[in-house]
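> One letter stands for each residue in the lines below.
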Amino acid sequence: MKELTVLSGKGGAGKTTVVAALASLNTNTILCDSDVDSSNLHIIANPQIVKKEIFHGGYKSSINKSVCNGCAICYEYCNFGAIFKSEDGKFNVDPNRCEGCLLCSRVCKFNAIELYQSNNNFWYISRTRFGTMVHASMAPGEDNSGRLVTVVRKKAKEEALKVNASLILNDGPPGIGCPVIASLTGSDMALVVAEPTISGIHDAKRVLELIRKFNISAIAIINKSDINQEVNEQLKIVLKSSGVDILAELPYDNIVSKAIDSGKSVTEYAPDSIVSQKLLETCKELTLLLNRA
Amino acid sequence: MSYKIAVVSGKGGTGKTAFSISLFNFLRSNLERSKVTIVDCDVEEPNISLFLKDKTKFYHKLITQDVAVIDEERCKFCKKCSDYCAFNAIVVIPRARYAKVDSSLCHSCGACYLACNYDAIGTKQYVAGEVDGYKISSNSYMYEGRLKVGSPMQTFLIGELKKELPQDDTITIYDSPPGTSCSVVETLSGSDFVIIVAEPTAFGIHDMLLVRELADNLDKPCGIVLNKVEDVERAVEYIPSQHRNDFLGALPYSVEFAWNYACGELSYSNEERLKESYFKIFSKLFINEGADCFKR
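Protein chains in written order, with the numbering used here: chain B, 1 to 293; chain S, 1001 to 1296.
Hints were generated in silico from the structure; no laboratory data involved. Keep in mind that a hint or two might mislead.
Claimed, not checked - Which bits of chain B does chain S cover? Going by a derived footprint, with three or more residues having C-beta under 8 angstroms, they are:
1) 22-30
2) 60-72
3) 155-166
4) 236-242
5) 275-289
To be verified - Restraint-style ranges between C-beta atoms, simulated for each label pair:
6) S/D1119 with B/N28: 42 to 50 angstroms
7) S/N1217 with B/K154: 27 to 35 angstroms
8) B/N46 with S/N1117: 53 to 61 angstroms
9) B/D226 with S/E1230: 34 to 42 angstroms
10) S/G1150 with B/Y116: 43 to 51 angstroms
11) S/D1169 with B/A293: 15 to 23 angstroms
12) S/K1220 with B/I255: 42 to 50 angstroms
13) B/Q117 with S/F1058: 40 to 48 angstroms
14) B/A293 with S/N1117: 45 to 53 angstroms
15) B/A72 with S/E1256: 53 to 61 angstroms
16) S/D1169 with B/E76: 29 to 37 angstroms
Stated by the list, open to error - Not everything, but these chain B residues come out facing chain S in the computed CB check (under 8 angstroms):
17) G89
18) N92
19) T128
20) G146
21) T150
22) V151
23) T197
24) E230
25) V231
Quantities reported herein were computed from a predicted structural model and do not represent experimental measurements. Note that the Cβ used here is the ideal one computed from N, Cα and C, for glycine as well.
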């Protein structure tokens, strides 16, 4: 069983479009949506939830005002600026700044600090027409997305072992920060979806540097390859000089967004389009590459 | 007066950065007496500097994080520090006389330092990234945070970036990272108005609603711009009816703009449709909506 993680650095390059297409072309695959804070794969996969579990993440502090005597020791110790003095002379916690280190509860001599966990984050195991899918939902503004990504990937691996799946298709988050690192570590291969714009090139370089740091081999798909031919040539040079093979160059086609709006992958919606034909070839090539990885 | 506008999207690639820079250019050329600052808070993939070619760097700072380190000479391997650590960053194996902090998990909270009775915990500086400041024109500036590749501290860096900004009378535009998690919350913090740049696709509208909910939770007033729209006149129909009051306007999809954008040009001077749409949005934002920074 192999795990392929799809990344892009820059958002909107076409990760989810590629993942949905590969999912509809492959059999014996587990889908994993690691973009937990603004996930989109479910819009196409239309998952029927079989199992729903709460993800607690970490704790947050709050201050019981009837016990707080305003001594300010928690305020002094907090390294995140999460504790502030309110008008009544007592202290409050800003939940958006609290990182859940619990230090305030350890220094408070009056037991005024209460701890609570978020009940707004979930992970799911679902059935889809592409096979089993593991995904998650986070309430807007929550932290610990990296930890939730780790849980989702672990569950996807368990599901893959159960049905002896040959591939886990992991739809990663944009960027290169904590949730991306959590989605990448230990993957068998990374597929970078890149866009031929100067920002696309800049962002692809950074995500490739990250992938190299984890000693994971990378391959690439160029999306919207015809929006600027000159910049596309530059992108190809950057990818080739980084030793990254380009599996396909997909032209811009608004059939892709039409497919999204109808809840289908582009290969389901327009199987004869150039984009779909290229994705079909890519899928075959990927299978060979992953078997060798 | 100071006024802060955050530009967010939820989904990546909807045109946040292009919109932020266009707004920045509009403000700095129309408000000659005001100072205008644009801040690249997308520290994982900062792109604004690629589009602002005429600039002079006047400020640079390395941003470090104090990560805990254990002095194994002093350590008695009692494990109290690892019990105190809420992030599972400390591994202590007494039999092997092993005690280490995983720097990528450490939040620099100080709990282990408080726990240790043997003075065995110190700190070491780890680079999270850097902050650069650029002068763009006599009245305009650009600040950028740039996460070190491999660092998981993007939210910390955004907070540090904001601390480096001058605290004076200025109109500030925060260009946000994609998503709706803690790094976006950090970007929105302190802002007076939020502009959501969304795409009229199922993905774009789904994520726009998430980020709209986040702005609501944080009590921020909001405006919505739809980008890459085929029929500008009917664009509002993409927005669920309860949020249509927030609608600021729509920008048409333009092949020529996409070509220019690809090579780093955000010019739309030859594109009458786009120019007109931008102007309508900016006027609505600052005159009709009465966002305070134009009322002076």
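> Compare the structure with each hint and give your call.
To see whether the hints hold, each was checked on the structure:
no.	hint	result
1	22-30	violated (count 0)
2	60-72	violated (count 0)
3	155-166	violated (count 0)
4	236-242	violated (count 0)
5	275-289	violated (count 0)
6	S/D1119 with B/N28: 42 to 50 angstroms	violated (57 angstroms)
7	S/N1217 with B/K154: 27 to 35 angstroms	holds (29 angstroms)
8	B/N46 with S/N1117: 53 to 61 angstroms	holds (56 angstroms)
9	B/D226 with S/E1230: 34 to 42 angstroms	violated (19 angstroms)
10	S/G1150 with B/Y116: 43 to 51 angstroms	violated (33 angstroms)
11	S/D1169 with B/A293: 15 to 23 angstroms	violated (57 angstroms)
12	S/K1220 with B/I255: 42 to 50 angstroms	violated (37 angstroms)
13	B/Q117 with S/F1058: 40 to 48 angstroms	holds (45 angstroms)
14	B/A293 with S/N1117: 45 to 53 angstroms	holds (49 angstroms)
15	B/A72 with S/E1256: 53 to 61 angstroms	holds (60 angstroms)
16	S/D1169 with B/E76: 29 to 37 angstroms	holds (32 angstroms)
17	G89	violated (24 angstroms)
18	N92	violated (15 angstroms)
19	T128	violated (16 angstroms)
20	G146	holds (7 angstroms)
21	T150	violated (11 angstroms)
22	V151	violated (14 angstroms)
23	T197	holds (4 angstroms)
24	E230	holds (7 angstroms)
25	V231	holds (5 angstroms)
In this structure, the hints that do not hold are numbers 1, 2, 3, 4, 5, 6, 9, 10, 11, 12, 17, 18, 19, 21, 22, in rising order.
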